[in-house]
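Asker: For reference, the chains in residue letters:
There are 2 protein chains.
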Amino acid sequence: MHFDTPLACRSGAQLDAYDLMYETYGTLNAAKSNAVLVCHALNASHHVAGFYAEDPKNVGWWDNMIGPGKPLDTDKFFVIGVNNLGGCFGSTGPASINPKTGKAYGSGFPMVTVEDWVETHARLADRLGITRFAAVMGGSLGAMQALHWAIAYPERIANSLVIAAAPKLSAQNIAFNGVARQAITTDPDFHGGDFYAYNVLPRRGLRLARMIGHITYLSDDAMMEKFGRSLRSGAINFHFDVDFEVESYLRHQGDKFAEYFDANTYLLITRALDYFDPAGACDGDLARALAPAKARFLVVSFTSDWRFAPERSREIVKALLDNRADVCYAEIDAPHGHDAFLLDDARYHALVRAYFDNVAGECAALEAGHEAGKAA
Amino acid sequence: MHFDTPLACRSGAQLDAYDLMYETYGTLNAAKSNAVLVCHALNASHHVAGFYAEDPKNVGWWDNMIGPGKPLDTDKFFVIGVNNLGGCFGSTGPASINPKTGKAYGSGFPMVTVEDWVETHARLADRLGITRFAAVMGGSLGAMQALHWAIAYPERIANSLVIAAAPKLSAQNIAFNGVARQAITTDPDFHGGDFYAYNVLPRRGLRLARMIGHITYLSDDAMMEKFGRSLRSGAINFHFDVDFEVESYLRHQGDKFAEYFDANTYLLITRALDYFDPAGACDGDLARALAPAKARFLVVSFTSDWRFAPERSREIVKALLDNRADVCYAEIDAPHGHDAFLLDDARYHALVRAYFDNVAGECAALEAGHEAGKAA
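Each protein sequence line maps, in turn, to chains L and F.
Anchor point for the first sequence: position 117 equals 1222 in the working numbering, and the numbering is continuous, going up by one each time.
Anchor point for the second sequence: position 124 equals 1229 in the working numbering, and the numbering is continuous, going up by one each time.
Quick caveat, the hints were computed from the structure, so don't treat them as lab data.
None of these values were measured; they are calculated from a predicted model.
Glycine is no exception: its CB is placed at the ideal position from the N, C-alpha and C atoms.
Heads up, some of the hints might be wrong.
Stated by the list, open to error - Derived pair list, reagent style SDA-like, types lysine to any residue, alpha-carbon separation capped at 25 Å:
1) Lys1479(F) x Arg1261(F)
2) Lys1399(F) x Ile1235(F)
3) Lys1273(F) x Tyr1354(L)
4) Lys1273(L) x Ser1409(F)
5) Lys1423(F) x Asp1325(L)
6) Lys1273(F) x Gly1339(L)
7) Lys1331(L) x Arg1417(F)
8) Lys1423(F) x Met1329(L)
9) Lys1361(L) x Thr1291(L)
10) Lys1273(F) x Ile1256(F)
11) Lys1361(L) x Leu1447(L)
12) Lys1273(L) x Lys1273(F)
13) Lys1273(F) x Arg1419(F)
14) Lys1273(L) x Arg1337(F)
15) Lys1273(F) x Ile1341(L)
16) Lys1399(L) x Arg1232(L)
17) Lys1331(L) x Asp1390(F)
What the hints assert, rightly or not - Covered by chain F, according to a simulated footprint, are these stretches of chain L (three or more residues, beta-carbon under 8 Å):
18) 1156-1168
19) 1340-1346
Turn these sequences into a full structure, and let the hints steer you where they fit.
Answerer: So, in C-alpha cells, the structure goes:
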C-alpha cells in the first residue's frame, strides 16, 4: 500500500512517501472488530503464516501460531502481517529507490523507531477501515511494538500480547547489537551504507552479525542438546576451519542471511531495539509510561531466554499492575532460549489459544451488536 | 629460554626449537620446594605481577593476587609466569621468524594445545631444576592448564588451583570462539594468516573478536551497573556511531587489543580452548580422566560467571571427589562475571591466601627436611 502523507520520524527526518508491504489472513467481519496486527522482530516480514502456491517452501515465520484452527485462528480473526518501514521485504527501506535521487536511499534512509513503526501501522489500519484492533501481538522486538501500540493508541487496541520482551535493552543487549553493527560498518564492502552503487554486498559483516545474534537467540542448554561438542568429521583436525557441528551450523546461518537480508535494514532495526525505552521519557518510571494504556495484556516469557529473561517481562507486568491494568502473565518453562517464542510449545500455544478464545468472544459480541444496530 | 629439543605437538606437527619468555618473582628455596607456576588465559602473558622500572604503567595482569604480602606471597614462594608457546609476548609464536624460511611462521605455525603447553612448562621446570611445583595455578584457560598439569605430571605438582574453569567448552562457548575466529579469518587483511608479509594487520577482525569476547567476560548485571544505558552525549543521535557508553567502551577495548595482539595467536589460543577436553579420551568420563591426579585441589567459581558457570566447576569437583581426591571448592558470590577471577574480591583473596598459607607450611617442612638432610 502506498502512502503519500509525509511521515515525520522521531529522529526529526521526514519521509515524503513510502510503501508498506502487508499480507492478510481470514475475513474482516462487518463490525471490523476482529482484526489482529502481528508485528515482526528482527529478520522477519509481513509473511507471518501459510505459503503461496508458487512458492510452497516459503512458509510464514509464525505459521505454527497463526492459521485456520491454530492458536490465533484465522477462521475467527482477520490477521494482518506488515513488513516494517525500513525493512527489506517489500516495504520502503534503504535498498529502495529514493525518488528524489533516482538511487537507493542507502545511508540517506531516515532512522526509524518503534514509535515510527506504530504510526505507520495506524495509518495502514486507517486505510483498511480498522478503527480498533482486537489485538496487537508480537514477540521480542514485535512485542515492543505491541507494547507501544497500547501506549500510543489506547483507544485503538483491545488486547496487547507482549511475548519474550523487555521494556528496554540492557547494556549487554546493546553491546551485542553494537558489535554486530560494527561487523557490518567496518566491512570494506559496506561503503558507508551506499554499497548498492558499487554492486557489492557487505556479506562478511552481515554473516558475522547474524552469527552473533543467533548465539543470543539460543540457550546454552539448547545448543548443548542440539550440537554438543559433535565433530563434523568425527575427529578434531587441528585447523581453523569447521571442526565442530556448531561452527558449521552458525556459518550456514550466516551465509544464508547474508544472501537475503539488507545490511542497512539490519543496522536500522538493531538501533530501533537499542532506542526503545518508553520509560525514558518518564524519568525511568515504566508505570508512568504505561499509564495511558487501556488494553488487556498477555505477557509471556520463557525460563531459558537469557536475551530477554523473565525478569525483564516481570518489570513490564509490575508496571502494568501498578496501573491496575488487566494483565495475565505466564512464564513458560521452555529450554530453547529466546527463540522459544517462535517454537511449538504445547503449554505456550494452549495459553495463547485460550487467550484468543476470550478475545473471539468479545469480537463476536461486538459483531452481534453491530448487526443489531444495523437491524434497528 | 631457548629450547632445541624438538617438541612433538599433539597435532602431529613438530617444532624443532623454540623460545619461552618467562618471568620469576621471589626466591627459589634450597629444597626447590616453593615454586608456583602461574598459567595465563587468553590475552595475558608471563608478566603476572609488578612492573619494570622503565615501564611503571605496565603492571602485571594478576598483580592484585601475586606479590610481597599478597595472597600468593612472593616473600614465601618462587613464582613463575610464562608466556605460552604460540603467544605474542616473547615466546615463539606465529609472528616469530621461522628459521627454515627466514619469514614469519604465520599460517605455518603448528596448532598448539593445552597438552603441548604443559609439556613446555615441564621442560622449563626441568631447566630451572624444579622437579615438583608447590602449586600450579590459573584462571579460565589458565585453570585448564593447572588441571592438565595434575593429570599429566601427578608427581610434579603438589597443589592445583583451578579458578573460573570448565572441564571443556560448551557448544555456546565454542560458538562465540568460532564467530570471533571468523571475524579474523574473513578480514581481507588476514591473508590466510600470512599478513606479516603484506605489512598489514587484520585489525577489523581482531577488534570484533575482542569485543565479542569481552561481552562474555562480564555479567549482564555488571555491565548494567557500569554502563547502564548511559549516553555519550546525553541524548540519542539517531546514527550508527557511538551513542551509548557501552558501545564506546567496547570499541576502545577492541581498538587497544588490535594494536598489541597477534591475530594468529588469537586463533590458536581460542582453538586450544575449544579442543581441551580431558574426558574426551575416556569416553566422556571426567572422573576417569582425572584418576591419575595426586595433587590437592582448590576449585573456585563465581556466581555471575556465565561463560564458565559454577555448574561447570562443580563437574570438576564431582569428578575429583569420585576419585576421593583432596579438593576444596568455593563458589564466590561476585557480580562481575567471568572477569571476577582477575578482580580484587575480599572473600576470594582471603580464600586463596589461606590456601597458600597451608602450602607455605608444607614447603617450609620440606625445606627443613632438606636442611636436616644436608646437615646429616
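Asker: Provide an ascending list of the numbers of those earlier hints which the structure does not satisfy.
Answerer: 12 and 18
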